[in-house]
Amino acid sequence: MDVQRKLEILADAAKYDASCASSGSEKRDSSDGKGMGSTAPGMGICHSYAPDGRCISLLKVLLTNACNYDCLYCVNRASSNVPRARFTIDEVVKLTLDFYRRNYIEGLFLSSGIIRSPDYTMEQVVGVARKLREEHHFRGYIHLKTIPEADDALIAEAGRYADRLSINIEMPEETSLQQFAPEKDVRAIRRTMGRLRLKLDEAEDNRSARTKARPQRFAPAGQSTQMIVGADSASDHTILHTSANLYGSYRLRRVYYSAFSPIPDASRALPLRAPPLLREHRLYQADWLMRFYGFDVAEIVDDSAMLPLDIDPKLAWALRNRDRFPLDINRASREELLRVPGFGTKTVERIIATRRTTTIRVADLARLHVPQKKALPFIVLSDHRPAPHRLDAAGLIERFKPKATQLGFGF
Amino acid sequence: MQYITLDTETDFDGWRKAARSLVLHHIQPTDITWTVQGGEAELFAPPAPSPILEVNDGTFNVSGKFVDLAQSAILHRDPQRFAILYRLLWRLKDNHDLIEVATDPDVAQVIAMARAVHRDEHKMHAFVRFREIGRERQAHYVAWFEPEHHIVELAAPFFARRFADMPWSILTPDLCAHWDGHALSFTPGVSKSEAPGEDRLEETWRRYYASIFNPARLKVKAMQAEMPKKYWRNLPEASIIKPLIEDAERMTGAMLANAATDPHKPQKRPEAPMTRKLAADDLDALREEASHCRACPLYKDATQTVFGEGPKDATIMLVGEQPGDKEDLAGHPFVGPAGQMLDRALADAGVDRKKVYVTNAVKHFKFVPRGKVRLHQKPSTPEIKACRQWYERELAVVQPDLVVAMGATAAQSVFGKITPVGKTRGRLIDLPDGRKALVTVHPSYLLRLPDPEAKALEYQRFVEDLKIAAGLQKKAARAA
Numbered sequence: 001m002d003v004q005r006k007l008e009i010l011a012d013a014a015k016y017d018a019s020c021a022s023s024g025s026e027k028r029d030s031s032d033g034k035g036m037g038s039t040a041p042g043m044g045i046c047h048s049y050a051p052d053g054r055c056i057s058l059l060k061v062l063l064t065n066a067c068n069y070d071c072l073y074c075v076n077r078a079s080s081n082v083p084r085a086r087f088t089i090d091e092v093v094k095l096t097l098d099f100y101r102r103n104y105i106e107g108l109f110l111s112s113g114i115i116r117s118p119d120y121t122m123e124q125v126v127g128v129a130r131k132l133r134e135e136h137h138f139r140g141y142i143h144l145k146t147i148p149e150a151d152d153a154l155i156a157e158a159g160r161y162a163d164r165l166s167i168n169i170e171m172p173e174e175t176s177l178q179q180f181a182p183e184k185d186v187r188a189i190r191r192t193m194g195r196l197r198l199k200l201d202e203a204e205d206n207r208s209a210r211t212k213a214r215p216q217r218f219a220p221a222g223q224s225t226q227m228i229v230g231a232d233s234a235s236d237h238t239i240l241h242t243s244a245n246l247y248g249s250y251r252l253r254r255v256y257y258s259a260f261s262p263i264p265d266a267s268r269a270l271p272l273r274a275p276p277l278l279r280e281h282r283l284y285q286a287d288w289l290m291r292f293y294g295f296d297v298a299e300i301v302d303d304s305a306m307l308p309l310d311i312d313p314k315l316a317w318a319l320r321n322r323d324r325f326p327l328d329i330n331r332a333s334r335e336e337l338l339r340v341p342g343f344g345t346k347t348v349e350r351i352i353a354t355r356r357t358t359t360i361r362v363a364d365l366a367r368l369h370v371p372q373k374k375a376l377p378f379i380v381l382s383d384h385r386p387a388p389h390r391l392d393a394a395g396l397i398e399r400f401k402p403k404a405t406q407l408g409f410g411f
Numbered sequence: 001m002q003y004i005t006l007d008t009e010t011d012f013d014g015w016r017k018a019a020r021s022l023v024l025h026h027i028q029p030t031d032i033t034w035t036v037q038g039g040e041a042e043l044f045a046p047p048a049p050s051p052i053l054e055v056n057d058g059t060f061n062v063s064g065k066f067v068d069l070a071q072s073a074i075l076h077r078d079p080q081r082f083a084i085l086y087r088l089l090w091r092l093k094d095n096h097d098l099i100e101v102a103t104d105p106d107v108a109q110v111i112a113m114a115r116a117v118h119r120d121e122h123k124m125h126a127f128v129r130f131r132e133i134g135r136e137r138q139a140h141y142v143a144w145f146e147p148e149h150h151i152v153e154l155a156a157p158f159f160a161r162r163f164a165d166m167p168w169s170i171l172t173p174d175l176c177a178h179w180d181g182h183a184l185s186f187t188p189g190v191s192k193s194e195a196p197g198e199d200r201l202e203e204t205w206r207r208y209y210a211s212i213f214n215p216a217r218l219k220v221k222a223m224q225a226e227m228p229k230k231y232w233r234n235l236p237e238a239s240i241i242k243p244l245i246e247d248a249e250r251m252t253g254a255m256l257a258n259a260a261t262d263p264h265k266p267q268k269r270p271e272a273p274m275t276r277k278l279a280a281d282d283l284d285a286l287r288e289e290a291s292h293c294r295a296c297p298l299y300k301d302a303t304q305t306v307f308g309e310g311p312k313d314a315t316i317m318l319v320g321e322q323p324g325d326k327e328d329l330a331g332h333p334f335v336g337p338a339g340q341m342l343d344r345a346l347a348d349a350g351v352d353r354k355k356v357y358v359t360n361a362v363k364h365f366k367f368v369p370r371g372k373v374r375l376h377q378k379p380s381t382p383e384i385k386a387c388r389q390w391y392e393r394e395l396a397v398v399q400p401d402l403v404v405a406m407g408a409t410a411a412q413s414v415f416g417k418i419t420p421v422g423k424t425r426g427r428l429i430d431l432p433d434g435r436k437a438l439v440t441v442h443p444s445y446l447l448r449l450p451d452p453e454a455k456a457l458e459y460q461r462f463v464e465d466l467k468i469a470a471g472l473q474k475k476a477a478r479a480a
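So the protein lines, in turn, are chains Y and C.
In terms of the numbering used here, the first sequence opens at residue 1 and continues consecutively.
In terms of the numbering used here, the second sequence opens at residue 1 and continues consecutively.
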């Protein structure tokens, strides 16, 4: 099989992993003239976008799509009829370097089906990173999938070469993982995440201690995970509760939500229909509220409840907590401002800087890039105060819903 | 009217020098016409530009934020940018804080220009596509790019740092950047026909692009928001976007229409790797069984069961309350700060740590997540009761002479009922099964005391309590 055909099979097999970020690592470049590549600590670079709206930042492939496991939700499960392929270590290394030189990618995201044993598989994955770093002095971004229960020495080596490590939690609840992937052990996954966090903490402590010895490097862009949404019956509350737990327990940088999508040659046990992609979007918005806006899971969604699909979770929260509004944005605290629908973190910073010198009026909202329709019912400005009955009106929510459309006839 | 001609489209230093002198001569913004040498606007300018006015001794300050913004905004293609920047500068000299007012129209416009420039720079970093000329070793990498603003000089150093070991050129209609492996240089712009054709890797890249795309989640608008069509003409993958979109619906339909096939029957597969081997030893068997414990809901959020550890023939068994953050991650009892405190106290009391069996009354970590930390929660009575079976079974295997209960939760488990630490602390108590029990505080209690004197005092009391255990350990050693 030629490399192009392998690439087709092994990229196809990797496309259900939502993660493709290349951000959050250390600053690195090749200006010493040895090797090639660079990373910046801030924003990652998306080199292209696929028609599914997702960015292409890394060469995202599997080392092999052969797998010992038979997880029902996975296209690569042992009993699937998909064609199989396996890259050699050198093939992945060459592809990465060739693509990188042409500026198609920021680096490599390498995952693998589990073959022979966790240690054997991890050794192969680490082998690619080792070769890129040690032999070719590649300074670009590397994200490696960690194999649960792999040997500690291999995990330490993976962290030495990789910018980010990840291990997928797969399902929001242990019971659904048992149902869909009876051979996978959520405890083994969590144990491995715990080990990664201990190593990340250790590297962090070494850095802050400023010891003379060069600190042992370990995955400077941290760890991340992915959850499949919509294959089981877990509610959004359950999903977000799991995320909050994972963020707190393992210092994850990101939890990716991947709306279950129909796969070729699907198992009969799976729903054939995909959940609305909007649900995935709402979960990302809610996740964002937890990480950057100080919201607690319980504030975002009630027990066993789902996020509304027609309005965003922050607006839904504001409509449930109308007693906190209207808010005078020329006086309110940063924490309060962050909870106004339509205000992002940058908007809030700009408002705080601006109001030190001048008062903010309705006409200024556009220059602050605030969506007026969304924010106005909740805020007081020097020339605007929403009528109290408007804010209390049961019909307020209708203002924000998408316009109703007339059903068409097939003509 | 002052006619100012700048050397190039990106001549920030020239603009700055002229602007500074104009402000000091009180020249109103409306009395200046800005042009660039060889630029289009020059057609309407008089043949002889005004000489730069001599600068007097006067000086004035502007905030560094304005200088940063102006350096970016001046790269914008809008011919009005020099005038807009001068107008803002003119207003800033009397109102220093104006630069913070994001709602001011001039400030807002300059911020918007700077943002557009940085966005264009970011897109250039992303969408430049090098094509290889010649073969490895001697290969030269050449790209064609059409930036929206005057960003070639701004964006080029990024490529020099990234592709330091290969010679490259980026050709654009405005300006071309070159890297020979040692230094950057710039030459005038060229036309697209000067750029090389296909690269041998482009077909491979297109195959990757087609394979990584999931046709079941078509979101064309989201794609175009980030990768506007104006960039497509220089992206090798763009030629297959349209066919991919057209094919997506057909493919998804076909996928759903095809009933699931019979699973492929693999040959005998090796044992699923994540299944753990069953242990032979009594304690190991218990530990394995406990790792699947679901007797209370605490297992759900915890990482793992943290079971007891120590020699099977220990004469002393230490019982703590519950694992903490570190213990939960590592899977071993007393490895965190409280564990270090315990180790020190045991050593000071003369207890041989290696001969002690250490466990907890509750074997899963109970906590609530608060952002990036986990706040420890006290286990409830039903949770302590549900977990007691493990303590009892450990006790039955280890058969210690003495059980040391550290803290109220541990005492509740050891005595089977709520037992205040204060009343029972520091003396040997007979248990119904003939063993002795000793109650003391939990080492984490010592960590929480804020007053150093109280801390030292309480630590001494804790060591005294443990000395009772040390006496017993020595007696047992003599008997053995």
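Certain hints may be false.
Unchecked claim - Below are the BS3-like pairs computed for lysine-lysine, each with C-alpha atoms no more than 30 Å apart in a straight line:
id, chain 1, residue 1, chain 2, residue 2
1, Y, LYS94, Y, LYS27
2, Y, LYS346, C, LYS354
3, Y, LYS374, C, LYS221
4, C, LYS230, Y, LYS346
5, Y, LYS346, C, LYS326
6, C, LYS372, Y, LYS346
To be verified - Incomplete in silico selection of chain C near chain Y, CB under 7 Å:
id, residue
7, ALA108
8, HIS125
9, ALA126
10, ASP180
11, ALA216
12, ARG233
13, GLU237
14, PRO337
15, GLN340
16, MET341
To be verified - Covered, in the sense of this in silico footprint (three residues per stretch, anywhere, with C-beta under 8 Å from a C-beta of chain Y), are these stretches of chain C:
id, segment
17, 432 to 440
18, 466 to 478
Keep in mind that the hints were calculated from the coordinates and are not lab data.
Even glycine gets a Cβ: it sits at the ideal position worked out from N, Cα and C.
Taking the hints in turn, this is what the structure says about them:
no.: 1; hint: Y/LYS94 / Y/LYS27; verdict: 24 Å, holds
no.: 2; hint: Y/LYS346 / C/LYS354; verdict: 56 Å, violated
no.: 3; hint: Y/LYS374 / C/LYS221; verdict: 22 Å, holds
no.: 4; hint: C/LYS230 / Y/LYS346; verdict: 28 Å, holds
no.: 5; hint: Y/LYS346 / C/LYS326; verdict: 36 Å, violated
no.: 6; hint: C/LYS372 / Y/LYS346; verdict: 22 Å, holds
no.: 7; hint: ALA108; verdict: 4 Å, holds
no.: 8; hint: HIS125; verdict: 6 Å, holds
no.: 9; hint: ALA126; verdict: 5 Å, holds
no.: 10; hint: ASP180; verdict: 12 Å, violated
no.: 11; hint: ALA216; verdict: 4 Å, holds
no.: 12; hint: ARG233; verdict: 14 Å, violated
no.: 13; hint: GLU237; verdict: 6 Å, holds
no.: 14; hint: PRO337; verdict: 13 Å, violated
no.: 15; hint: GLN340; verdict: 15 Å, violated
no.: 16; hint: MET341; verdict: 19 Å, violated
no.: 17; hint: 432 to 440; verdict: violated (count 0)
no.: 18; hint: 466 to 478; verdict: violated (count 0)
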